[in-house]
Amino acid sequence: MSMKKNELKNMLVSFIFSMVIYGVMMFMMSSGVIGTYWSGVLILACINIILASSLNLASGYLGQLTLGHAGFMSVGAYVAALTSLYLQMPLFVGLIFGAIVAAGVGLIIGIPTLRLKGDYLCIITLAFNEIIRIIMLNLDITNGAKGLMGIPPDTNFTIVFICVVLTIFIISSVVKSRFGRAIISIREDETASELTGIPTSKYKIMAFVISAFFAGLAGGLYAHYMGMLLPSIFDYNKSVEILVMVVLGGMGNIKGSIIAALLLTILPEYLRAFNDYRMLLYAVVLIAAMILKEKDLIPHIKEKFSKKKNEEVTE
Amino acid sequence: MALLKTEGLGIQFGGLKAVDEFNFEIDKNQLYGLIGPNGAGKTTVFNLLTGVYQPTSGQIIFDGKSLLKKSPTQITQMGIARTFQNIRLFKEMSVIDNVKVGLHYSQNYSLFSAICKLPQYFRGEEAIDEMARSLLRVFDLEQFAESKAKNLPYGKQRKLEIARALATSPKLLLLDEPAAGMNPTETAELMETIKIVREKFSIAILLIEHDMKLVMGICEKIAVLNFGTVLAFGTPEEIRNNPDVVTAYLGTEE
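Keeping their order, the protein sequence lines are chains A and B. Numbering-wise (the numbering used here), the first sequence opens with residue 1 and increments by one. Numbering-wise (the numbering used here), the second sequence opens with residue 1 and increments by one.
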């Protein structure tokens, strides 16, 4: 019985915590402490949190390095935008529809590609990202390179915040369940996982599809926030950006993803002067993460510091 | 009827017959030893039985059903579990979660009920937790439940691997050199554990081992493998006195 109580208690604490954050943010926005510009940055940061935590399921927990997350995002974005432009559907219908189509594309891509491992999967997903972008560039319905204009800008902080909370709640629920343990065991040792009775292909696809679903949701939010879509937004740089957030925050660490997504959205705003070097910085972050040979950067740094502290104590 | 039966089992890698004409039977609740010099094909037999390799000839019948063309996942679900020569735990997961992966199919709550936190989810998780803890208790690992598997000492990692295999509720357990790298005290402890496991879970155990004291001490029947073929079958006593076996292990006097 204690387990259930514990989990319900944790859920309540997280819920109150997010309500407090929401209240403070809303207060700061209405009182003008956070201006319109920074509210916009905050919305983008929230969208990035959804992207990073969904990619974390596929790359961090499942352990499959994928570079096509922006592809799923663009599917969600275009589908959500087109549903409201052509079918005059309300925002949430478009968001859900976009996420479902993205998940469907994830399923179609996942079935053949998840047999591949490591570098191969990386290259295939990268190629898929480009294919989606080129399709968007050439379709009539997406208005090609000129992009989609006049998408109703319905996304506001409240909607984005609800989506963030839902995403994190669902992904952490999946991770904590028997399905999550199966997914993590695949990352740890796929052969041992199979020989412990886990149907690895099924769960790889499951994690991949859930990941694509939330990327699609983030895309829909993005479309309705920006009011316009260009295929070039969703190039592989965007995929790399999301991956850097996951790597920086720590593979298999949702809290880390949240912090990294906030950091990597807000920091560049302060460093406008260095905007041209942003991708360079991402590359450096990735290389640093590889050299440190740790799965995650922030926890690694934390450990370094705490080690130092410990040493000081003993000396 | 035998629990597991192989008929003319064989696998060929290119021109090399790693296992050839391997015939044997294990009864329910039997403790069987598989010995042989290095490279004799013992681990290959395990890989054939668990579906890691597909045999190029012969037949495997387990519990009345053929195991040919079955995936490792399916075979595990049918009731054959194994451990590995070089320990393969889920290193970054906690000790108890390693066992819980093995208990995956002991409960069947859906993904939906996990997300919506329905009663089925809590009931299922509680049952899994209880089963995992009682398994850890058998192996004296309960106090390490929350630590990462990679942080366990070597002997305990071996035990955890057996616990994880047992979590899949097998009818046949395959142990690949469980005593490898253990000191004599740990080996003695392991012998006890294996005996307990077999009585408590009433399963058949097939054991690969180089430690003759262990094999001769606990196995009821032994098969000796050499160059991929069975050299001899018998009780420990018969094996010890078999001239062919002595030749295979020690060579002949010129």
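Mixed in with the good hints, there may be bad ones.
What the hints assert, rightly or not - Covered stretches of chain B (in silico footprint by chain A; criterion: 3 or more residues with CB under 8 Å from a CB of chain A, positions within the stretch not fixed):
| hint | region |
| --- | --- |
| 1 | 4-13 |
| 2 | 72-78 |
| 3 | 221-227 |
As the list claims (entries may be wrong) - Chain A side only, calculated, beta carbon under 10 Å to chain B, not exhaustive:
| hint | residue |
| --- | --- |
| 4 | Phe179 |
| 5 | Ser201 |
| 6 | Met206 |
| 7 | Asn237 |
Keep in mind that the hints were calculated from the coordinates and are not lab data. Glycine included, every Cβ here is placed at the ideal spot set by N, Cα and C.
Going down the list of hints, with the structure as the test:
{"no.": "1", "hint": "4-13", "in the structure": "violated (count 0)"}
{"no.": "2", "hint": "72-78", "in the structure": "holds (count 4)"}
{"no.": "3", "hint": "221-227", "in the structure": "violated (count 0)"}
{"no.": "4", "hint": "Phe179", "in the structure": "holds (6 Å)"}
{"no.": "5", "hint": "Ser201", "in the structure": "holds (9 Å)"}
{"no.": "6", "hint": "Met206", "in the structure": "holds (8 Å)"}
{"no.": "7", "hint": "Asn237", "in the structure": "violated (31 Å)"}
Violated hints for the displayed structure, listed by number in ascending order: 1, 3 and 7.
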